[in-house]
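Listed below are the residues making up each chain.
4 protein chains.
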Amino acid sequence: MPDDTTTVAALKDAMRRFVAERDWEQFHSPKNLSMGAAVEAAELMEHFLWVDNDASRQVVGDPARLGEVADEIADVVCYLLAMSNTLGIDLSDAITTKLAKNAVKYPAEQYRGRYGAEDPGKTNK
Amino acid sequence: MPDDTTTVAALKDAMRRFVAERDWEQFHSPKNLSMGAAVEAAELMEHFLWVDNDASRQVVGDPARLGEVADEIADVVCYLLAMSNTLGIDLSDAITTKLAKNAVKYPAEQYRGRYGAEDPGKTNK
Amino acid sequence: MPDDTTTVAALKDAMRRFVAERDWEQFHSPKNLSMGAAVEAAELMEHFLWVDNDASRQVVGDPARLGEVADEIADVVCYLLAMSNTLGIDLSDAITTKLAKNAVKYPAEQYRGRYGAEDPGKTNK
Amino acid sequence: MPDDTTTVAALKDAMRRFVAERDWEQFHSPKNLSMGAAVEAAELMEHFLWVDNDASRQVVGDPARLGEVADEIADVVCYLLAMSNTLGIDLSDAITTKLAKNAVKYPAEQYRGRYGAEDPGKTNK
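Chains as they are written, first to last, in my numbering: chain A, 160 to 284; chain B, 160 to 284; chain C, 160 to 284; chain D, 160 to 284.
Mixed in with the good hints there might be a few duds.
Where chains are identical, the list cannot tell them apart; a pair therefore holds if satisfied intra-copy or between any two copies.
[Said to hold, decoys possible] Subject to a maximum C-alpha distance of 20 Å in a straight line, what follows is the list of computed EDC-like cross-link-like pairs (lysine to aspartate or glutamate): (1) K264 / E277; (2) K260 / D163; (3) K257 / E268; (4) K264 / D163; (5) K264 / E205; (6) K264 / D221; (7) K257 / E202; (8) K260 / D182; (9) K257 / E180; (10) K260 / D172; (11) K264 / E180; (12) K260 / D234; (13) K260 / D211; (14) K264 / D278; (15) K257 / D278; (16) K264 / D252; (17) K264 / E184.
FYI, nobody ran anything at the bench for these hints, they're computed from the structure.
Bound-form chain A, shown alone (with noise of 0.2 Å):
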């Protein structure tokens, strides 16, 4: 199930089922998912506790250790998406919804390069 043809929808139908098959949507609280997700997102980081910015970006090269983190990030996924599930949520439309606030928070002339309101940008680095 590759991106360019997977909805969002047939994820989420995919963890609707893994959850009913299990009997688990008496655990699955939107307060129990939130710390599950925030849980898995802390395993995702301390795969770039120890190592700077620059070498973080070299898992691309080493297989291993990306299908490791492409599971991590699977798994802080898989939250969000029983999470959208229980709470009746469309994903994509919140995703699109906070693309366009973001939009209007950080115009793209403005932010150009500059990650945030104090990062002065090139010239005074």
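Chains B, C and D: place on chain A using the hints.
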């Protein structure tokens, strides 16, 4: 762009454009993106910090709060879409692969109604 | 070294020696240490992921689990002791200052039995 | 109350009083407190999200930012002091015990200048 018709690739493309328009690829190391995902996952969690599991489910009936929660979920997923772009990861494949691994790790018959190995299940509760 | 007689400075010194003996100051940037604290806080949280609030209190009666929890708490604090060393922060001062700020933010009369502004308190529960 | 003369017990007592004055013991389950610690650890981390390791060290020279960082560190530790109170954990003992375990896990000779088993050390860097 509803979940039914939106592919993961379309969301990745939207994220890629957002990043490219701001020349933000330079900030999007795997290390930084994993931190961003963890920060947003914590903000999602904060919505449910002081309530019990049952009370956290009631967010469904609170449209304003539900919108905030959807925003936070979107924030986490956006960082993971960006990370998938940076690392060339097929997110749909990663998710279906992980669900298949978890199906082996947690056989439905054995874990029905039990959140994990340490949960004795309902008969002993 | 029990809490009754151990100063925060003694713990900071123990941490400083541990780091110096391994020449680890080079890895102990504030960025890395904050990630380490967040990773360990997530591991602490994982112990309570699937249980309700009430059940999480029962860890008191489970010495093995309680020891694991104490270990995780120590891990988080160790990173914050290291960060205080790196940044020259007086942790005791920081804590008493923060408690004083919080006492103003959450006046006892107003917040007794309420976790925050959105908690109506017992009469409406 | 500087680190030199402040015992951990004194900080735990200050936290215990703060909680008792607000009748907040009811909210301070280990589950909730672990979430609180993780949320605050993420807020600490957010200060260093987009900067490199070297740049994150420059917070030492920025008194305003340093004060904010000290506040966030205090927030995390406060939750862990509260958790130690709730669970009857001697935090100083937990920390010295953990440092002793880590001294065995990371012998100084073997890990000098290496952050972990996967770090080849300076000669290969």
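Outcome of the hint check:
Taking the shortest Cα distances, K264 and E277 sit within 20 Å of each other inside one copy (14 Å), while across copies they are farther apart (27 Å). Taking the shortest alpha-carbon separations for K260 and D163, neither the intra-copy value of 25 Å nor the inter-copy value of 22 Å comes in at or below 20 Å. With identical chains, the CA atoms of K257 and E268 are at most 20 Å apart within one copy only, with a shortest distance of 19 Å there and 39 Å across copies. When the C-alpha separation of K264 and D163 is checked against a cutoff of 20 Å, the pair qualifies neither within a copy, at 29 Å, nor between copies, at 28 Å.
In the homo-oligomer, the alpha carbons of K264 and E205 lie at most 20 Å apart only across protomers (18 Å), although the nearest pairing inside one protomer, at 30 Å, exceeds that limit. Taking CA atoms no more than 20 Å apart as the test, K264 paired with D221 passes in neither setting, with 36 Å inside one copy and 25 Å between copies. In this homomeric assembly, K257 and E202 come within 20 Å of each other (Cα to Cα) only across copies, at 15 Å, whereas the closest approach inside a single copy is 25 Å. For the homomeric pair K260 and D182, the shortest alpha-carbon distance between copies (18 Å) is at most 20 Å, but the shortest distance inside one copy (37 Å) is not.
Proximity of K257 and E180 under a CA criterion of 20 Å is satisfied inter-copy only: 16 Å between copies versus 32 Å inside one chain copy. In this assembly of identical chains, the alpha carbons of K260 and D172 lie at most 20 Å apart only when taken from different copies (17 Å versus 28 Å within one copy). For a Cα distance limit of 20 Å, the shortest separation of K264 from E180 across copies, 14 Å, qualifies, whereas the shortest one inside one copy, 42 Å, does not. In this homomeric assembly, K260 and D234 come within 20 Å of each other (Cα to Cα) only across copies, at 11 Å, whereas the closest approach inside a single copy is 27 Å.
In this assembly of identical chains, K260 and D211 lie within 20 Å of each other by CA distance neither inside one copy nor across copies; the values are 31 Å within and 27 Å between. For the homomeric pair K264 and D278, the shortest alpha-carbon distance inside one copy (15 Å) is at most 20 Å, but the shortest distance between copies (31 Å) is not. Proximity of K257 to D278 under the C-alpha cut-off of 20 Å is found in neither arrangement, the shortest distances being 22 Å within a copy and 28 Å between copies. With identical chains, the CA atoms of K264 and D252 are at most 20 Å apart within one copy only, with a shortest distance of 18 Å there and 33 Å across copies.
Taking identical chains as interchangeable, the C-alpha atoms of K264 and E184 lie at most 20 Å apart only when they sit on different chains, with a minimum of 18 Å there against 37 Å within one chain.
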